[in-house]
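Following the hints, put chain P in place on chain L, whose structure we already have.
Residue numbers (this note's numbering), protein chains in the order written: chain L, 249 to 674; chain P, -1 to 287.
Don't read these hints as lab results, they were simulated from the structure. Do not take every clue at face value.
Which chain P residues stay away from chain L? Per the calculated CB distances, all over 10 Å, these [stated by the list, open to error]: (1) L61; (2) I69; (3) L96; (4) G145; (5) A273.
The calculated lysine to any residue pairs, modelled on SDA-like cross-linking and capped at a C-alpha distance of 20 Å, are [to be verified]: (6) K508(L) / G134(P); (7) K653(L) / R40(P); (8) K560(L) / R40(P); (9) K400(L) / W519(L); (10) K471(L) / F126(P); (11) K568(L) / N302(L); (12) K286(L) / K653(L); (13) K671(L) / F126(P); (14) K430(L) / F126(P).
Cβ coordinates follow ideal geometry from the N, Cα and C atoms, glycine included.
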Amino acid sequence: MASRFLKSTVIAALLSATAMPALAVDLEFYFPVAVGGKAADTIESLTADYVKANPDVKIDAIYAGGYNDALSKAMTAARGGNPPQLSVLLSAEMFTLIDEDLIEPFDAYVSEDEKKSWFGAFYPAFMENSQTGGKTWGIPFQRSTPVMYWNKEAFKEAGLDPDHAPANWDELVEISKKLVKKDAAGNVTQWGVRIPSEGFPYWLFQGLSTPAGAILANADGNKTNFDDPKVIEATQFLVDLSKKYGVMQEGAIAWGPTPKAFFEREAAIVWTTTGNLTNMRENAPFDFGVGFLPKKERFGAPTGGGNFVLFKEASQEQKKAAVDFVKWITAPEQAAKWSMATGYVAPRADAWETDAMKQYVKDFPQAAVARDQLQYAVAELSTYENRKVTSILNDALSAAIAGEKTPQEALKEAQEKAEAILKNYR
Amino acid sequence: MRREWIYALLLLLPAMILLMGFTHIPAIETIIDSFYSTPRGRRAARFVELENYRTLLADDVFLRAFWNNLIYAAVTIPASIIISLGMALFVHSRIRGLSFLRMAYFTPTVLPLIAVANIWLFFYTPGFGLIDQIRGLFDLPPQNWMGQTDTALYTMIAVAVWKEAGFFMIFYLAALQTIPTPLREAAKLEGAGRWTFFRRVTLPLIMPTTVFISVNAVINSVRLVDHIFVMTEGGPNNASKLLLYYIFEVAFQFWDTAYASTLTVVILGMLSLLAIGQFFFLDKRVHYK
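So here's chain P without its partners, still in its complex pose:
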């Protein structure tokens, strides 16, 4: 019995070390750091209790980033899921130039996000960017899409959706291909239309994939910020600032590591809540037999 325990522990050890070293210990250290002031070369860190959290509640940039992130998530998650499903259904059917179309849809995923951002930067550039050139054909005035506070966030959202939809499409495509053909034939015999088949058969069968994708979409809505670095740097006046970008800025541009830790703790808390919710709520409803 004892030997089995040792054996089991040894097997678990590599994973445990990695998980501890890169996930749990840094998380705990971050929580501890959030109660201290930022150490500078000339001053050591000191214990400040909840001061960082008080700063956070009064920080209008944080509130703005938080609100922006909510909008970002509320738009990118459903939009990328619906578009990817549509694309998957489209390239699942037999049409001309199928593999070319599949490749075209998948391209945004293969490109590095920084390259993607540079392409979009060209699309959005006021005056000579692609979008304004097209608008020019219809005599519409040029628009400074990334430079206006009311559109900046949505330009970032469009890039994210464009990037993500292609990636999620692959999962949907795989899921669609696992649906057995007899079901389709049976439905045909019963006289069910395409829409009924989609709603009553396809949709429930790909539900586990939808859950997987939605979990990923939630994570990405907090994680996907590379294009913001290249395109707007969170501006103008924080209009396109998201939480992770703000953390980066506070930590590595302002070098206020204590406050960055505080922000991290808040995000960590929110994501944990979400994960727990998804785990207990969605998981039970999806895998029915």
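If we strip away everything but chain L, and leave its shape as in the complex, we get:
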């Protein structure tokens, strides 16, 4: 009796094993969520759509925390011998992932024609953090750029033209001065401008250093220019906004409450990622404008956000399926859906030509600002041992903001420290 039962179980198990479709591919896919809103739901529903259309592929989309958490999770999983096949990771980590030998370029999985039509479809500013050494290591997806939001009501109250945003640094100071409001005791109730600097000041700082005419790191990721006089000038300006002109709150300013500070009229102008656009649109109790970051020598902003990367440790079928999925999810229709749901910049021009997107921009022209700014955008600071090098710059900027060091001292020191690390990669 017992043996018969055992026999039938074994047969049943064998049958079910062979009954599975021969082509089934299982994919694990990590994605990070960096801003509030509907990003996670949108990724999950897009993935579900793909799986429905391709029943032989099973994709497990796993939420992996913020960008840093996602990287830690992927690296730890890889070191434990169980990496995902696909992941969206911070595009600035490209050199780190190459150095760790974790990812491989997409080039081998696409034809020459596709290299032109697919890779070439993305905005060049986004590809700067995706390509190095003639290879394409990442496909832009969850990409952003910082923009300036301003409260039109506050502008009117201050007697300013609500449709004219500060276009350059001098105007930024002039206009912000008029926006500062104080109560009877002399305490500021509304700041002119808010540029978040807590945690990772380097990113928005690039919205100052790029207009000043500086590029923080070379394209090979092995040399920085932190002590460039233009970088020092940009730092000085950032410090002056609070210390000299008194238009910005002193000290490190947190990222998280920035949208709230805007809604609560704590600050009339805020700089933050375009990824907050949908959040702003849904929650701002007043009419607001979205504009380019002000220029100095030129307009300029960093790009930011996440790329799809392909992990080395995966079977050939898995990689093919993964590339196919990435092609699908970055295709115009899907990219448009994603962009409308989150505010991230649809990473290719043809996504903006879809009917849905055209309609969206017509109703909400602010959505196109980040895209238009892309022609002036540059790569996000990215080097080998990226976290260490950016944290050196972060520390230097924090020290300057806190007034512990002069911009000159802080950045000179930072350049020396970065040199000590990066000279090993030249």
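What follows is chain P alone, placed relative to chain L:
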């Protein structure tokens, strides 16, 4: 005799395996790793002798974190002990709403630290945070408590003390309840005041608990960093960076595992010294008969 040895060994084996696997072998591996460079996917680790230790001595972030940790320990340990003892004495006496008060004091301990950090994040937020709203009532200007280098560390300390005092209170409460009532009656007959009774009877009797708590407080001053992840990430400019947070950062954000091992060895060394000190010094002085 021999069989007894085998028997004893078998009994000890599970504990030994766990202790070896999770404590001693990793510790030894960490010490070995600290003499090598960090392996990257493209480059294997190589023996670098004391280079990591030389880096450490010249690393101003490490020195800052070390100094911060000293301040953190010097404030949180006595503060949480004194406050917890005060709270325990208070809820030990018979007052109205006793169990509610006990529960209220204990709540911070039950909450996960990440939730605690989020609550405090709201307290500290400049402008619309609770603290600034209260300050606003008195026309005081808003302060960016977590964003200033001179206050960031103390905001972290306040959270730690708030969290720890409730936990230690439970131990003190238990200790207070073991003090026999005849002692109190005898003291009353002798005409001793409350302060004398507290100083001459209560305090010595709860001394073993104080040692236990102080050992825990020392461990926690090195271990309790979760709120820093949520609130300041060690910033601004490393003002609130503690040693364990720095190790985490070096190991899992910079992926410099060799240097992280070096930092770990230093902490391990310091904690061992402290433990030895507490073992030989405090233990003898407390358990007197």
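Right, here's what the structure says about each hint:
1. The Cβ of L61(P) lies farther than 10 Å from every Cβ of chain L, with a closest approach of about 13 Å, so its non-interface assignment holds.
2. No beta-carbon of chain L comes within 10 Å of the beta-carbon of I69(P); the shortest separation is about 17 Å.
3. For L96(P), the requirement that its beta carbon stay farther than 10 Å from each beta carbon of chain L is met, with the minimum near 39 Å.
4. The claim that G145(P) is not at the interface with chain L is violated, since a C-beta of that chain comes within 10 Å of its own (minimum 4 Å).
5. Every beta carbon of chain L lies more than 10 Å from that of A273(P), the smallest distance being close to 30 Å; the non-interface claim holds.
6. Taking the CA atoms of K508(L) and G134(P), the gap is about 18 Å. The hint holds against a cut of 20 Å.
7. For the suggested pair K653(L) and R40(P), the alpha carbons sit about 37 Å apart, so the restraint of at most 20 Å is broken.
8. The straight-line distance between the Cα atoms of K560(L) and R40(P) is roughly 13 Å, inside the 20 Å bound, and the hint therefore holds.
9. As the CA atoms of K400(L) and W519(L) are separated by approximately 15 Å, the hinted pair is consistent with the 20 Å bound.
10. Between K471(L) and F126(P) the alpha-carbon distance is near 42 Å, which puts this suggested pair outside the 20 Å criterion.
11. Only pairs whose Cα atoms come within 20 Å are accepted, and K568(L) paired with N302(L) is accepted, the gap being roughly 13 Å.
12. Annotation: proposed proximity of K286(L) to K653(L) is violated, straight-line Cα distance about 41 Å (limit 20 Å).
13. Of the supplied pair hints, the one linking K671(L) and F126(P) is violated, its CA atoms being roughly 46 Å apart against a limit of 20 Å.
14. At most 20 Å may separate the alpha-carbon atoms for a hinted pair to count; K430(L) and F126(P) meet this at roughly 16 Å.
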